[in-house]
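Put chain B on the given structure of chain A with help from the hints.
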Amino acid sequence: MSNSHIAVALTHSPYSGEREGLFRLLVLWADQSADLRIYLMGNGVLAAKEGSQLEDVISELTQKGVVFLADKKELNARGLRNTIRNLRVTDNLVSEFVDDLMKKDWKALVI
Amino acid sequence: MGTLTILLTSGPYSSRHPEFACRIADEALKKGHKVNMFLYMDGVLNAKKGQITKDSPNIGESLAELLKWENFKVIACIRSAQSRGIARGEADSSGSYPTDEYVAGAVIKSLHELGNLLKASDKVIALTGGR
Chain A
1 MSNSHIAVAL THSPYSGERE GLFRLLVLWA DQSADLRIYL MGNGVLAAKE
51 GSQLEDVISE LTQKGVVFLA DKKELNARGL RNTIRNLRVT DNLVSEFVDD
101 LMKKDWKALV I
Chain B
1 MGTLTILLTS GPYSSRHPEF ACRIADEALK KGHKVNMFLY MDGVLNAKKG
51 QITKDSPNIG ESLAELLKWE NFKVIACIRS AQSRGIARGE ADSSGSYPTD
101 EYVAGAVIKS LHELGNLLKA SDKVIALTGG R
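Heads up: the sequence lines are chains A and B, in that order.
Heads up: the first sequence is residues 1 to 111, going by our numbering.
Heads up: the second sequence is residues 1 to 131, going by our numbering.
Simulated from the structure, these hints should not be mistaken for laboratory data.
No residue lacks a Cβ here, since even glycine has one placed at the ideal position from N, Cα and C.
Incorrect hints may have been included.
Incomplete in silico selection of chain A near chain B, CB under 8 Å [what the hints assert, rightly or not]:
id, residue
1, T11
2, L22
3, L25
4, G42
5, S95
6, V98
7, L101
8, A108
One chain only, chain A, in its complex shape (with noise of 0.2 Å):
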């Protein structure tokens, strides 16, 4: 995985389904030195909210150098103000996305 770059969205709240396993491939990635950039979309923008339980996975991720983004409309619409730390609040997250996804070196996900 050294050397990949990939791009997750996560549009679904990280509580449902089997996503949060989702955590533990990142840690798995981001130890292999992978470059991992995660969107947070929709009900995604969950994983975000400070004091949830995926705050410690999350900083952990962040401090192996894993990008989170989250779309500021959405965390706005479900009243989150307080983010996990180092979280990248942005206008664009679909266009910022779509440019990573099309990068020659770059895989994409969406869970």
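Chain B only, in chain A's frame:
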């Protein structure tokens, strides 16, 4: 510039995937890429014309608007469309099946077309699964 294919299996208003698919397609087209959207399973319902919505984005209208781009194609799976009563009859010489239920420009073809799109694409994303 590249070619992006989006596989969409969720129907309109059951999840936000159709909305995200349209937004991703819109951004990619604006950046000069070619975009294909393949509708499969309940995803075939997204291209139905005459959708009436109040507060949520109208997916049929969004697709109709995107189809004004020369570099955008919407293709639905015939098996999925037939089972939902959207397509009837036989394919024409281009492999398209007739329907009067779709927004202009959206076509219905064999699932084999998805294989052709995948082979011709630089990037593929799948918006599948619910909840």
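Open item on the list: Given a cut of 8 Å on the nearest C-beta pair, is the interface hint for A:L101 held or broken against chain B?
Closed with: OK, holds: A:L101 within 8 Å of chain B, min 6 Å.
- [ ] Let me know if the C-beta of A:S95 comes in closer than 8 Å to any C-beta of chain B, holds or violated.
- [x] holds, 5 Å
- [ ] Tell me if A:L22 is really an interface residue toward chain B, meaning its C-beta lies closer than 8 Å to one of theirs.
- [x] violated, 12 Å
- [ ] Tell me if A:T11 is really an interface residue toward chain B, meaning its C-beta lies closer than 8 Å to one of theirs.
- [x] holds, 6 Å
Task: Hint validity - A:A108 Cβ closer than 8 Å to any chain B Cβ - done: holds, 6 Å
Task: Status of the hint placing A:L25 at chain B (closest C-beta pair under 8 Å) - done: Cβ of A:L25 sits 16 Å from chain B, so the hint is violated.
Task: Interface hint for A:V98, Cβ within 8 Å of any Cβ on chain B - done: Since chain B brings a Cβ to about 4 Å from A:V98, closer than 8 Å, the hint holds.
Task: When the least beta-carbon distance from A:G42 to chain B is tested against 8 Å, hint result - done: holds, 5 Å
Taken one by one, the earlier hints fail for this structure at numbers 2 and 3, listed in ascending order.
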